[in-house]
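J.: Please arrange chain B on chain A, whose structure you already have, making use of the hints.
2 protein chains.
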Amino acid sequence: MKRFEKHIFVCENKRPEGHPRGCCSEKNSVQVKELLKRRIKELGLNTTVRVNSAGCLDACEYGVTVVVYPEQIWYGKVNVDDVEEIIQMHIVKNIPVERLQIKDEKFNRNEIKI
Amino acid sequence: MKRFEKHIFVCENKRPEGHPRGCCSEKNSVQVKELLKRRIKELGLNTTVRVNSAGCLDACEYGVTVVVYPEQIWYGKVNVDDVEEIIQMHIVKNIPVERLQIKDEKFNRNEIKI
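The listed protein sequences derive, respectively, from chains A and B. Using our numbering, read the first sequence as starting at 1 and increasing by one per residue. Using our numbering, read the second sequence as starting at 1 and increasing by one per residue.
Only chain A is shown next, with the shape it has when bound in the complex (with noise of 0.2 Å):
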């Protein structure tokens, strides 16, 4: 087993208001973040699953925009509401969401089954 079973990484980028890409700061990433973090703890999940906030994940029209690795999953559109489904499922069973992965298929292309 390496360091973190799950390693999760929430956008907190901010670009300027009004910028075309738009970012996932305007989109309430912390509040994800900052959900996600409290759950995995409260669910005593903290030892073997890190939540970070990350920069810039280049898929800023997709933001709240989360990636899971180290199967490298990536979700977007995520907001507070989507928290506890992906605990549960991805998290905790393994399962990862397919209703909130980014359907750009360079991002979720040949998808490794875990």
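Where chains are identical, the list cannot tell them apart; a pair therefore holds if satisfied intra-copy or between any two copies.
Distance condition first, Cα-Cα at most 30 Å in a straight line; then the derived BS3-like pairs of lysine-lysine: (1) Lys41 x Lys106; (2) Lys27 x Lys2; (3) Lys27 x Lys14.
I should point out that these hints are in silico values taken from the structure, not numbers from a laboratory.
T.: Here is chain B on its own, set in the frame of chain A:
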């Protein structure tokens, strides 16, 4: 192939001066990240390799801390002079740099051969 073949996260956490754990920011993590980004771009690797800042990776004592996914290799005490070796060996040749890996076994135990 997934979105990124290699995804490099550099801790940029900043703690108040004098904090017993120290922090990566005070050890020039921003310069490490910026040089990684610049060299990856200069080498034309930036479509398949991404360098990101990250919040606290919980390896403060070993900072500047860098973790490379998908293989989750943890590097510690990284400075700007180490950047080229990480890129040429690990990113280009896919051979992790042994001497820079965090020696604490909880970070690099049961290493996956890549």
